[in-house]
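**Q** What follows is each chain in one-letter form.
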Amino acid sequence: MHNRTIQVQLGIGAILASAFLLLIAIPNWVSSPSNVPNIILSPLFWPNTLAGLTGIVGLGLILTSIPAPKPVTEEASDVDDRAAAYFRLLAMAIIMALTMFALPRLGMVWTSMLAFASVALLIKTSHPKAALISAVVMPLVLYLFFAHVAGVAIPQGLFVRLP
Amino acid sequence: MSFIDSLLAGLSLVGNFESFLALGIGVAIGVIGGAIPGLSATMAVALTLPFTFAMQPITGILLLLGVYKGGIFGGSIPAILIKTPGTPASSATVLDGYPLAEKGQAGKALGMALWASCTADVISNLSLILFAGWLASFALNFGPPEFFTLMLFSLTIIAGVSGESLLRGALSAMLGLLLATIGLDLIYGTNRFTFGDPNMMGGLNFIAVLIGLFAIPEILAMVWNPRSHDGTTRAIGKNWVTFSEYKKSFKSIVRGSFIGVFLGSIPGIGAAPSAFLSYSEARRTSPNKENFGKGEIEGVAASEAGNNGVAGATLIPLLALGVPGDVITAIIIGAFMIHGLQPGPMMFILNVDIIYGLFIGLIVSSVFLFLIGSVAIRGFKYVADIPRGVLFPAVLVLCVYGVFAVNNNIFDVGVMFAMGWVGFVMLRYRIPAAPFLIAFILGPLLEDNFRQAMLMSGSSPLILFRGPITWFFWTMTAITVVAIVHTGIRATRKGLDQHKENEE
Chain A
1 MHNRTIQVQL GIGAILASAF LLLIAIPNWV SSPSNVPNII LSPLFWPNTL
51 AGLTGIVGLG LILTSIPAPK PVTEEASDVD DRAAAYFRLL AMAIIMALTM
101 FALPRLGMVW TSMLAFASVA LLIKTSHPKA ALISAVVMPL VLYLFFAHVA
151 GVAIPQGLFV RLP
Chain B
1 MSFIDSLLAG LSLVGNFESF LALGIGVAIG VIGGAIPGLS ATMAVALTLP
51 FTFAMQPITG ILLLLGVYKG GIFGGSIPAI LIKTPGTPAS SATVLDGYPL
101 AEKGQAGKAL GMALWASCTA DVISNLSLIL FAGWLASFAL NFGPPEFFTL
151 MLFSLTIIAG VSGESLLRGA LSAMLGLLLA TIGLDLIYGT NRFTFGDPNM
201 MGGLNFIAVL IGLFAIPEIL AMVWNPRSHD GTTRAIGKNW VTFSEYKKSF
251 KSIVRGSFIG VFLGSIPGIG AAPSAFLSYS EARRTSPNKE NFGKGEIEGV
301 AASEAGNNGV AGATLIPLLA LGVPGDVITA IIIGAFMIHG LQPGPMMFIL
351 NVDIIYGLFI GLIVSSVFLF LIGSVAIRGF KYVADIPRGV LFPAVLVLCV
401 YGVFAVNNNI FDVGVMFAMG WVGFVMLRYR IPAAPFLIAF ILGPLLEDNF
451 RQAMLMSGSS PLILFRGPIT WFFWTMTAIT VVAIVHTGIR ATRKGLDQHK
501 ENEE
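As given, the protein sequences belong to chains A and B, one line each in that order.
Residue 105 in this note's numbering sits at position 105 of the first sequence, and the numbers go up by one each step.
Residue 266 in this note's numbering sits at position 266 of the second sequence, and the numbers go up by one each step.
Next up, chain A with everything else stripped away, as it sits in the complex (with noise of 0.2 Å):
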């Protein structure tokens, strides 16, 4: 993307995100007592502050891309296929919703087990014989270290649980 597409869009982005948080978020989600003495002193006004000033941050990112010569050619891509890379991190978000998922289900050494794997297989690794062995090698290590040494209690899940 070129430096100018890239300065209008994060500064339309800023603007709605302002006008998001001091429209909607902030009368919504953040409360503050009636009994306040002072505005500044009101759990309202920083995040009322940091939003306006996010806008105005926004509006700068605009004014400032007027200037910035406009692009005439496409910048190169940094992959071949970008349909490929789109699809690749689409599948990469629904292996962390999976993971998220089966964590308290499943115990995290055998989600992270398949989580190793499934991320192995879809950046092609070039070696799967390592990425399996390691996939399952791993986590039980991690799994020695965190709960029998740091003492932290890691999910069991509720079907097979390690000693």
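Simulated from the structure, these hints should not be mistaken for lab results.
Possibly wrong hints are sitting among the right ones.
Below 25 Å or equal to it, Euclidean Cα-Cα: the simulated SDA-like pairs (lysine to any residue) are [unchecked claim]: (1) B:Lys500 / A:Ile62; (2) A:Lys124 / B:Lys500; (3) A:Lys129 / A:Ser118; (4) A:Lys124 / B:Arg227; (5) A:Lys124 / B:Trp421; (6) A:Lys129 / B:Pro387.
Under 7 Å between C-beta atoms, here's a sample of chain B residues computed to sit facing chain A [as the list claims (entries may be wrong)]: (7) Phe53; (8) Ala54; (9) Gln56; (10) Leu167; (11) Leu171; (12) Leu178; (13) Thr181; (14) Ile182; (15) Trp224; (16) Asn225; (17) Gly389; (18) Val395; (19) Leu396; (20) Phe411; (21) Met454.
What you are looking at is a predicted structure, and each value in this text was computed from that prediction instead of being measured.
All C-beta atoms, glycine included, are put in the ideal place defined by N, C-alpha and C.
Since the structure of chain A is already known, use the hints to place chain B on it.
**A** Just chain B, lined up with the frame of chain A:
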């Protein structure tokens, strides 16, 4: 407590096998982490942090400091051998390091990088020991208005110099400050963006945010482009650096070290600008200036001295004022907090043994860096051969375990994943992540000091200008903003002129 008493107290704390072992392991992890392109010193420190929870505070902090020191040097190895800086701080090392490797003199370049790094490290550590105590005793006079203006100045400079533009840095800092407002209000205890969820009431977990912001985006970048870190490793060659070459570059090394100390002690500037400034100064003053960029050993020495000179000095604002000097020290502040320690002037009174223990540990770390660095140079081939398709899934699993271990809470793992996507978007949009993280850490302190100042003055903003210290920080903030805006305008004009010339 006299200096000798403090020193002995520190020695009694670190004068044991575990502390030195932690330091040595830390340096080794750092060198390996820094040497793996795509992993970086920052990620190495972030991933090591969860392993320190079960340790004694001093042991855990020494481990992290070892990783930091090792990581900054480690970044120079791939910079010289595969033209890919392991950390941004090593970018200047590529300029002369890789041409030397192409000539078959990689061993010489790596040797000089190691010697320059260790020399700079010693100078930086000594500066820390000399200045931190003095600055802390001065900072004992600070009240809430002084701390507020100091943090405002730090955030301004961090936002201004971290990325391509002040505004993008400012946007990043605003987002960090906004994220820090999540939780219960500091004075009234009312809910702010908690959505009634008890997990949100204490605010977002700092470790989850930092690992999400600095480790997960690298994994997502790997998923986006799995071939991004491929490179050809050059052979080390048979030439090794000689003492006469070191002596010839000594002036540049010392100059670079002091540049690193000066820039490192200003919060936010970091190692990369220091390395470039040191390099350009060495080129300007060298009799071989035309050889710079073509494989000049003095260029490697200057850039490595510049970036390692920062490593000890960034701890000056951290220990003396409680303000992190860069992203890595922002992570290290997390280790202090986890162990119930609050860096700042009071630490020099309440925990003087830990302060002097750290000083002793840092001096010893330079020796470890020299020994482990020498081995790492020869062993880089094995590090470079670690397949990325195994390494990055392993980092993901490490992140999940590490973040969970902080509070035994799966919610934190979710926060880490969410912050990973935020970090990835920031990476794609070239928004620097450093102001975000530092603003997230300083946010509650900034607000707390502001509100305390307002309570003290009956809500009169004049208290923020009450004396020479606040005036000094306001002036510095104004100078920083003017300088950065001026530089931005000049760069835009230059771009426009170039664009016009191209059109003609």
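**Q** Report holds or violated for the interface hint on Leu167 of chain B, using the least CB-CB distance to chain A and a cut-off of 7 Å.
**A** 5 Å, holds
**Q** Just to be careful, I want the Cα atoms of Lys124 of chain A and Lys500 of chain B compared with a cutoff of 25 Å; is the pair within it?
**A** 45 Å, violated
**Q** May I ask you to test the interface hint for Leu396 of chain B with respect to chain A, counting a Cβ-Cβ separation under 7 Å as satisfied?
**A** At 6 Å from the nearest chain A Cβ, Leu396 of chain B passes the 7 Å test, so the hint holds.
**Q** Using Cβ atoms only, decide whether Gln56 of chain B comes closer than 7 Å to chain A, and label the hint accordingly.
**A** 13 Å, violated
**Q** For the pair supplied as a hint, Lys124 of chain A and Trp421 of chain B, confirm whether the alpha-carbon distance does not exceed 25 Å.
**A** Judged against 25 Å, a Cα distance of about 21 Å means the pair holds.
**Q** Could you grab the alpha-carbon distance between Lys129 of chain A and Pro387 of chain B and see if it respects the 25 Å cut-off?
**A** 11 Å, holds
**Q** Should the hint that Gly389 of chain B touches chain A count as held when the rule is a Cβ pair under 7 Å?
**A** 3 Å, holds
**Q** Tell me if the interface restraint on Asn225 of chain B is satisfied: Cβ within less than 7 Å of some Cβ in chain A.
**A** Since the shortest Cβ distance to chain A is 5 Å, the answer is holds.
**Q** Next pair to validate is Lys129 of chain A with Ser118 of chain A; report whether the Cα-Cα distance is within 25 Å.
**A** 14 Å, holds
**Q** Are the Cα positions of Lys500 of chain B and Ile62 of chain A separated by 25 Å at most?
**A** 22 Å, holds
**Q** Between the alpha carbons of Lys124 of chain A and Arg227 of chain B, is the straight-line distance 25 Å or under?
**A** This hinted pair holds, its Cα atoms lying about 10 Å apart.
**Q** Checking hints one by one. Is Leu178 of chain B an interface residue toward chain A, by the C-beta closer than 7 Å rule?
**A** 5 Å, holds
The structure fails to meet hints 2, 9, 14, 18 and 20 from the earlier list, while all remaining hints are met.
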